[in-house]
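**Student:** Here's the letter readout for the chains.
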Amino acid sequence: MSEPEILLELKGLSKSWKEFRIRNVSLEIRRGEYFVVMGPTGAGKTLLLQLIAGIHRPDSGRIILDGIDVTDLPPERRNVGYVPQNYALFPHMTAGENIAYGLRVRGYSKGEADEVVGEISRRLGIEELLDRRVSTLSGGEQQRIALARALAIKPKLLLLDEPLSALDAETREEIREYLRDIRRALGFTAIHVTHDFVEAADLGDRMAVMFGGEILQVGKPIDVMNNPRSEVVASFTGIKNLFRGRVVGRVGELAEIDVGGARIYALTKRGGEVSVAVRPESIIVTLEPVKTSARNLLKGVIREISEKPPLVSLKVEAGIEFTVYVTRNAVEDLNLKEGKNVYLAFKASDVTVF
Amino acid sequence: MSEPEILLELKGLSKSWKEFRIRNVSLEIRRGEYFVVMGPTGAGKTLLLQLIAGIHRPDSGRIILDGIDVTDLPPERRNVGYVPQNYALFPHMTAGENIAYGLRVRGYSKGEADEVVGEISRRLGIEELLDRRVSTLSGGEQQRIALARALAIKPKLLLLDEPLSALDAETREEIREYLRDIRRALGFTAIHVTHDFVEAADLGDRMAVMFGGEILQVGKPIDVMNNPRSEVVASFTGIKNLFRGRVVGRVGELAEIDVGGARIYALTKRGGEVSVAVRPESIIVTLEPVKTSARNLLKGVIREISEKPPLVSLKVEAGIEFTVYVTRNAVEDLNLKEGKNVYLAFKASDVTVF
Amino acid sequence: MRKIEGLFLTFSAVGSVAILILLVPMILAPLMTDPTQLAEALMDSEISRALSTTFAGASLATLLALIFGVPLAYVMARKDFAFKGLLESLLNIPLTIPHSVAGILVLLAYHSRSSIGSILSNLGIVIEDTLWGIVLAMFFVSSPILISSARAGFSMIDENLEHVARTLGASHYKTFLTVTLPLSLKAIASGAVLTWARAVSEVGALLIVAPYPKSIALLVIERFEAFGLSSAIPITVILLAMSLAIVLILNCVLGR
Amino acid sequence: MRKIEGLFLTFSAVGSVAILILLVPMILAPLMTDPTQLAEALMDSEISRALSTTFAGASLATLLALIFGVPLAYVMARKDFAFKGLLESLLNIPLTIPHSVAGILVLLAYHSRSSIGSILSNLGIVIEDTLWGIVLAMFFVSSPILISSARAGFSMIDENLEHVARTLGASHYKTFLTVTLPLSLKAIASGAVLTWARAVSEVGALLIVAPYPKSIALLVIERFEAFGLSSAIPITVILLAMSLAIVLILNCVLGR
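Going down the list, the sequences are from chains A, B, C and D. Quick note: the first sequence uses the numbering used here, first residue 1, plus one each step. Quick note: the second sequence uses the numbering used here, first residue 1, plus one each step. Quick note: the third sequence uses the numbering used here, first residue 1, plus one each step. Quick note: the fourth sequence uses the numbering used here, first residue 1, plus one each step.
Worth flagging that the hints you see were computed from the coordinates, not collected in a lab. Quick caveat, the model's predicted, so the values are computed rather than measured. Keep in mind that a hint or two might mislead.
To be verified - Under the rule of at most 25 Å between Cα atoms (straight-line distance), these lysine-lysine pairs were calculated in the PhoX-like manner:
hint : chain 1 : residue 1 : chain 2 : residue 2
1    : B       : 18        : D       : 79
2    : C       : 174       : A       : 110
3    : B       : 340       : A       : 291
4    : B       : 18        : D       : 84
5    : B       : 291       : A       : 299
6    : B       : 156       : D       : 174
7    : B       : 269       : A       : 308
8    : B       : 291       : A       : 315
9    : A       : 291       : B       : 337
10   : A       : 291       : B       : 315
11   : D       : 174       : B       : 110
12   : C       : 79        : A       : 18
13   : A       : 308       : A       : 240
14   : A       : 18        : C       : 84
15   : B       : 308       : A       : 269
16   : D       : 174       : B       : 154
17   : B       : 291       : A       : 291
18   : B       : 240       : B       : 337
What the hints assert, rightly or not - To list a few chain D residues with every Cβ distance to chain C over 12 Å, as calculated:
hint : residue
19   : 46
20   : 49
21   : 56
22   : 130
23   : 183
24   : 186
25   : 213
Note that beta-carbon positions come from the ideal geometry of N, C-alpha and C, so glycine has one too.
Pulled out of the complex, with its shape left as it was, chain A reads as follows:
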């Protein structure tokens, strides 16, 4: 398979604006890729999107979009869809008028615009919302309309600024799945900015970690999270026992997930490619393979024992490497040592799937 074509290239981008900074950011986004930029509040994520959208002009550096240097082009000549964190739906228009806006300013007749709006609304499942006033929409509905509005102009690139952060937990999950689904259906290129590793792991083909205006690490989410290249990256991607796998069988909601070196049982309705994570506190270590209600029982060998006050951290190689936290008391009790064979037990209901 040949390397996909580069759609967006950022070359040494720098910008100061209010209290925010972008420092010498270089990045390549491939055509068709879903790229997640993850970083804490104040890292400059929003400013980065606004530079790409053309809302601000960089102090230095170039932006190459689809082979064209757009650094000096105003937003209206870039064809980049932008969904800000607060959605910014036009409050004086209906949902449908919002979606049609980009088409109408492009000179589409009302009839032509309605046709495109109808088509995208069908595909995004928001047909029943079109006549509603924006102020009557829920957060999740507003997010869908904002997505539809940005997608209606068939942008080269979709920029999503913390698209899930303003939503409650339930809607957040729903919209996350929605993003996954419409992305599969429509196949757009997107840059999605977030502070939540779940979004990065679940949605991102690749991700970048941003901190203090700089890009610290770029790679596949699973690689970045399992192999953070610095303490800073580790501190906010710090998720243990994160694995990428594939659902290969199920009984009801109990799914069997192949994670390369091992099989993990978890409760999920999802199929296909998934990410799974197990909290190190939730894994029980035994010396014998005992029959318990825990669906997961993996044989492994202790590679490393280190202090994690008030607990002790074990690295256990069990096909894949697990981190397990146990009490000091347990280490002595079971006489745990590096090189010792152990069994890891954890419940299917303690495995997070996303």
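Got chain A sorted already, so can you dock chains B, C and D onto it with the hints?
**Tutor:** Same frame as chain A, but now just chains B, C and D:
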């Protein structure tokens, strides 16, 4: 021990104000008691406090405070300390002037007031904040000053409106302990309003559950949470495996807690009376008493098996009654039945102490 | 009864003095009006001429304030530049200066023998005793109201709305016309109504710059001085009714 | 160069017309002033008498507005009552009515042969051609500014502050004095400055109610009519400087 004296009696209190309602609330608060009123947003909790403080006048019903009918008295003649959710510190005064305010309007000279402020500041550990302007204080510091201001007038009753809700998670824990400590040191009577069961369980001598302007259940937190008298109460006190216990021994941070019928090991620095909770998903069931890294291994007997899709819920009597969620698969695998003896294993790091 | 309402009772009593002083004149004037006199006033050609002069002047002044003031307000709402604070302060001077002084300032700068005025004369614009003079004097004392109202309106719009419109392909102008203007219409409209009312109300500057053609506020003075108080009552009642209408329109515009 | 700034350039160009029309007169007048004339004006006893009359009138009007208007504003900020919306509208009429009409309304209601005026005369208060008349006319046209400013200030205070003060033992009055007033001082002070400036600026109502004692705004007109434009320049510059001072004070009070 004789029944403590009633300090506050609410008799059939009703009030409509804006979109909030209080419906026929009757309640007795004992002298020296820390009473928690728990309910969701919009339940009328704030309005209840404001009626007791005298900020609003009830549409009907009476308020008897320390034997006196104060229903028709203005707030300044009730001697009730009120700490609203936003603290409401006077922004044009220093922290110290805020605390002295109630004393100064009572006619204390500057010297007398300073003496009382100094005394209470020492006991509350806020001496170094006294000269600060209110706007420079952190949320937790503001909360301490607001408490000191209310306590400085030696109120008959302290009313706390969601005292922890505006704080971040860490400060919240800190202020919760602080409330426990100053309460032990000063021994005031308090009504504390919250939507968080942790506060109710940790702080409350007794609690009331409020919903839609009505009091649904009153009792000790442990009783209310373990025996909710209605679905509504269960839905927002719904915490499983909550036990009240006492720390009886420890090795480092691993504490041994006597919970009546059983011993539970948990990680905590706390001593004395504590509440512990274990998530039903975190408990592993085995048929044999196996040696594992899990510090807790309790023998019990299955009393009840019921569906909890996608899981199965077990009630296990093990000195105290545990609820355990396992997969259907595990039930079949281990041939779990009512009356069967099992062992429950869970890790010390999976026990929540508060 | 509890005493909680004590302060409100006292304050209401004290405050009602202000209400009385302000409202009594508005209530008495209509009561003292002879209906036949009112009917005559409505027919009086001098009154209707003065009214149309005033309304024409105020409407033109407001129009000019819209044309020149709204773009200025937009720039001030969105851009930072040197001495912006000083400019803001200077633009508010016409609202705090004695009205006759405002007239002197305008006449001094723009009279037909002044350097600017002579240029204007060559273009056929003379301000002394012309409608142009009325418009200019009214613009000077009233346009700052519209500028600050429009500016406040623009400032309240989420800039992200403009950003998104641009990314969707709308030019900056199109964005202004289709997003910014519709969303600040209330602020601009209420500012325009207040500006218009302020222009109509002007006396001092008009006395200096353009006592003729006669505006209605000056006609009231003329009638009063020539024929006494009662002769001015009918015009007064007509204009009082108009002011009430304006205030009620404003309440509607602001959606209260 | 990218074209993003195009709209701002055009708008700045258009907006600068408004800036020019408004600022040119303020800049020209000081330039055209003869320093010796200015010095003479500062010595002129008629001018200083007119200034003290005006300042006395405006200060008394502002004081009355504070005494009666602030309590009213507090009640309106905290209490709902029937016809509150209508009362608000009526209280704003003096701000939109032609100034000469305001004068007629005041004179009609309070002149010494009117029913209210005769009661006032018995108390020694006659408004025609007295300082009382100036104060009353100024109060009528300017006090609504203070009332609405104070009201906005009170509305912005968290009511919980007052609630807590009461639970701490402060009576409602004490709470008002120690919590409410200090926190709304900015709003009340800036309202008072604007009220005072509006009172000083008045021409129309004073021409009707009390042309004597001569206030400064009327003296400007008298000088202009008697001796021509140039004779009014020194007073104009003095008052322009005062207005600038007021505007700058306001900026400080509002802490911008």
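**Student:** Now tell me, hint by hint, if it's right for this structure.
**Tutor:** How the hints compare with the structure:
Restraint check: the Cα-Cα separation between residue 18 of chain B and residue 79 of chain D comes to about 13 Å, which is no more than 25 Å; the hinted pair holds. Simply put, residue 174 of chain C and residue 110 of chain A have alpha-carbon atoms about 17 Å apart, close enough for the 25 Å limit, and the pair holds. Of the supplied pair hints, the one linking residue 340 of chain B and residue 291 of chain A holds, its CA atoms being roughly 16 Å apart against a limit of 25 Å. Note on residue 18 of chain B and residue 84 of chain D: the hinted pairing holds, with a Cα-Cα distance of about 18 Å set against a maximum of 25 Å.
Only pairs whose Cα atoms come within 25 Å are accepted, and residue 291 of chain B paired with residue 299 of chain A is accepted, the gap being roughly 16 Å. Note on residue 156 of chain B and residue 174 of chain D: the hinted pairing holds, with a Cα-Cα distance of about 22 Å set against a maximum of 25 Å. With a C-alpha separation of about 16 Å, the suggested pairing of residue 269 of chain B with residue 308 of chain A holds against the 25 Å cut-off. For the hint linking residue 291 of chain B to residue 315 of chain A, the alpha-carbon distance of about 20 Å falls within 25 Å, and the restraint holds.
As the CA atoms of residue 291 of chain A and residue 337 of chain B are separated by approximately 16 Å, the hinted pair is consistent with the 25 Å bound. Pair hint residue 291 of chain A plus residue 315 of chain B holds up; C-alpha atoms about 20 Å apart against a cutoff of 25 Å. For the suggested pair residue 174 of chain D and residue 110 of chain B, the alpha carbons sit about 17 Å apart, so the restraint of at most 25 Å is met. The hinted pair formed by residue 79 of chain C and residue 18 of chain A meets the criterion: a straight-line CA distance of about 13 Å does not exceed 25 Å.
With a C-alpha separation of about 13 Å, the suggested pairing of residue 308 of chain A with residue 240 of chain A holds against the 25 Å cut-off. A distance of roughly 18 Å separates the Cα atoms of residue 18 of chain A and residue 84 of chain C; the hinted pair therefore holds under the 25 Å criterion. Straight-line distance between C-alpha atoms of residue 308 of chain B and residue 269 of chain A comes to about 16 Å, which keeps the hinted pair within the 25 Å bound. In summary, the hint linking residue 174 of chain D to residue 154 of chain B is supported, as the alpha carbons are separated by about 20 Å, within the 25 Å threshold.
Between the alpha carbons of residue 291 of chain B and residue 291 of chain A the distance comes to roughly 12 Å, so the proposed pair stays at or under 25 Å and holds. Taken as a hint, the residue 240 of chain B and residue 337 of chain B pair is honoured in the structure, with Cα atoms around 21 Å apart against an allowance of 25 Å. At roughly 15 Å from the closest C-beta of chain C, the C-beta of residue 46 of chain D stays outside 12 Å, upholding its exclusion from the interface. The beta carbon of residue 49 of chain D sits about 16 Å from the closest Cβ of chain C, which is more than 12 Å, so the claim that it is off the interface holds.
Every CB of chain C is more than 12 Å from the CB of residue 56 of chain D (nearest about 15 Å), matching its label as outside the interface. Annotated as non-interface, residue 130 of chain D keeps its C-beta farther than 12 Å from every C-beta of chain C; the closest such distance is 16 Å. Under the 12 Å C-beta cut-off, the non-interface status given to residue 183 of chain D relative to chain C holds; the minimum distance is some 16 Å. For residue 186 of chain D, the requirement that its beta carbon stay farther than 12 Å from each beta carbon of chain C is met, with the minimum near 17 Å.
Listed as a non-interface residue, residue 213 of chain D keeps its Cβ farther than 12 Å from every Cβ of chain C; the least gap is roughly 16 Å.
Comparing the model with each earlier hint shows no violations; every hint is respected.
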